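Participant: For the protein sequence lines, the chains are A and B, in the order given. Counting along the first sequence from 1, when you hit position 217 you're at 217 in our numbering, and nothing is skipped either side. If you want our numbering, it's the 1-based position in the second sequence plus 1000.
Rather than coming from a laboratory, the hints here were simulated on the basis of the structure. Certain hints may be false.
Now the stretches of chain B that chain A is said to cover, found in silico as 3 or more residues with beta-carbon under 8 Å [unchecked claim]: (1) 1060-1070; (2) 1285-1299.
With beta-carbon atoms standing in for the labels, derived distance ranges [claimed, not checked]: (3) Ala1139(B) to Val230(A): 58 to 68 Å; (4) Leu1128(B) to Arg185(A): 52 to 62 Å; (5) Pro79(A) to Val1016(B): 21 to 31 Å; (6) Gly93(A) to Trp1164(B): 31 to 41 Å; (7) Ala1135(B) to Phe224(A): 50 to 60 Å; (8) Tyr1206(B) to Phe224(A): 45 to 55 Å; (9) Ala92(A) to Leu1205(B): 29 to 39 Å; (10) Ala1135(B) to Ala155(A): 50 to 60 Å; (11) Ala155(A) to Val1116(B): 45 to 55 Å; (12) Met1096(B) to Gly93(A): 25 to 35 Å.
Owing to the predicted nature of the structure, the values given are computational and were not obtained by experimental measurement. Heads up, the beta-carbon is just placed ideally off N, CA and C, and yes, glycines get one too.
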Amino acid sequence: MSAAAPRWRTGAGRVLALLCCILLLGARDPILVPEISQHEVQVRQGFTGADLLLFGAILTPEGNRAAQDYDIVVVLEGPVQSIVLREKQKIAGMWINADSLEFRSVPSYFAVASSRPIAEIVDDKTAAIYELGLKWLQLSPIGVIEPKEQARFSAGLVDLMRRQGLYREEEGGVKMSGQVLYQARISLPSSVQTGTYTAETFAISKGKVVASEITRVEVRKVGFERFVAVQADQNGWFYGLFAVLVSVAMGWLAGRLFALV
Amino acid sequence: MDVYLPIANLSVNGLVIVALGALTGLLSGMFGVGGGFLTTPLLIFYGVPPTVAAASAASQVTGASVSGAFAHARRGGIDYHIGAVLVAGGVIGTGMGAVLFRLLQALGQIDTVINVLYVLMLGGIGGLMAQESIAALRAQKSGVPLPARKRRHHPLVASLPLRWRFYRSGLYISPLAPLLLGIATGILTMLMGIGGGFILVPAMLYILGMSVNVVVGTSLFQILFVTMATTMMHALTTRAVDIVLAVLLLVGSVTGAQVGAQFAQKAKPEHLRLLLAGIVLLVAMRMALGLGYRPDEIYSVVPL
């Protein structure tokens, strides 16, 4: 998605843009070349999370150094899912689930890293359009809900996910060097969902998004972990029987071994 | 030692889980209860999703009760006749429990129901056990023996139609009574991830009036089969049995159970029962407080 430059798609627009470029040298949109340290995260035995290095360069269309300060924002988003969020309330002296709200598109993981605090880089409107920050997540609640109630539930969800390490915001997490290179380190906890993660990088100048690029990371279970997950999901009988046999065998074996001691 | 649990989707310290299994195994060996009443809450406390915890704890109870059941079988401490009726009831109960589990999950009340059940069951049984063992200890000290309890079944049991003879238990009662008891423990096993031994044993003694020397063996026999059925039921419905978690728990619990059994031979039964009553009451109290205090997490996420 090249969100910043839709107008030069038509022929006339392109000529005009070119003219403008020549007239206002340096005001043209730069090129972003993003890369990720690994495009596949393998979840296998001993997986305790992963550290992703998102890095890249900003260049002029000619491939030169941009020679201008840009702000970079990197957003890493996990597969979205539909969820029910339940809220506990004290009823008759007990804390029980009382209210609930359904959301259609909740990212299972969401991390934002930026070179400066988001509020200093863009205004609220731009931040909301590009979902730059947890405050601007579009969670799409299902049904007609009061805005106040929706805000309460959204805040509760974001707070919960943040404390589980699944939602992160790191202002100043993007390091720039020489107005060309940027890098950000984003970590995935061990409890991440498998699926396709998208990393979107935004170059921002004077409050406007001037370039953006997407790269993808695949998080998948491999080897034994994958085998177990697939069997549990598709071969319930076999899997259950195996679990039962293992537990009986281990109990019996322990009895036998201790009888020898 | 980091171990990744493929169904719980989570990395845990394997040694902590093994230690947890050993602790509950120790209890199960010492007291002849499954120990599941401790595993499930502790696993949840450690961060394992509640459904996965309940589903995987059942297989741990299977493992812990196998060697005990074998030992009792060898010395003729199992009434297979009444045991079969209990197991039949237990399997029906797990089926009903699975339906109930789904229903409560859809309503969002499964956690509350589990917690309330724990508080009521553990509080009630723990209180009774404590009372009884303190009375027994007092009687020992004063030298005046307690009046012998008349062994007989509850009047309600007598009013049920149809009567069978259960020779080893020394009973002539309606098979509906053990069947209903089996169903009740089956439901509890499915919902709470427990073996139900601590409910079954008193119920066999005081409601059915079974003879004491077959109570523990028959209860272990029933627990063994019902937890197997529970594991199957979870594997087929919730698909939440985490084999890696179960194996870790088993490693701890089968060893713990053996060590516990050695302990149990040396200690006085009254002391053991008082200790168990104390632990059970403590867990019940903790859960009751958990219901009343403002929880850490007000919000919880359930996939649609």
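Participant: Now tell me, hint by hint, if it's right for this structure.
Facilitator: Hints, verified against the model:
1. 1060-1070: holds (count 8)
2. 1285-1299: holds (count 8)
3. Ala1139(B) to Val230(A): 58 to 68 Å: 60 Å, holds
4. Leu1128(B) to Arg185(A): 52 to 62 Å: 58 Å, holds
5. Pro79(A) to Val1016(B): 21 to 31 Å: Check passed, 30 Å falls within 21 to 31 Å.
6. Gly93(A) to Trp1164(B): 31 to 41 Å: Between glycine 93(A) and tryptophan 1164(B), where Cβ atoms are some 45 Å apart, the hint is violated.
7. Ala1135(B) to Phe224(A): 50 to 60 Å: 53 Å, holds
8. Tyr1206(B) to Phe224(A): 45 to 55 Å: 48 Å, holds
9. Ala92(A) to Leu1205(B): 29 to 39 Å: 34 Å, holds
10. Ala1135(B) to Ala155(A): 50 to 60 Å: 55 Å, holds
11. Ala155(A) to Val1116(B): 45 to 55 Å: Check failed, 29 Å falls outside 45 to 55 Å.
12. Met1096(B) to Gly93(A): 25 to 35 Å: Given a distance of about 29 Å, which is inside 25 to 35 Å, the answer is holds.
In terms of the numbered hints stated before, the structure departs from hints 6, 11, listed from lowest to highest.
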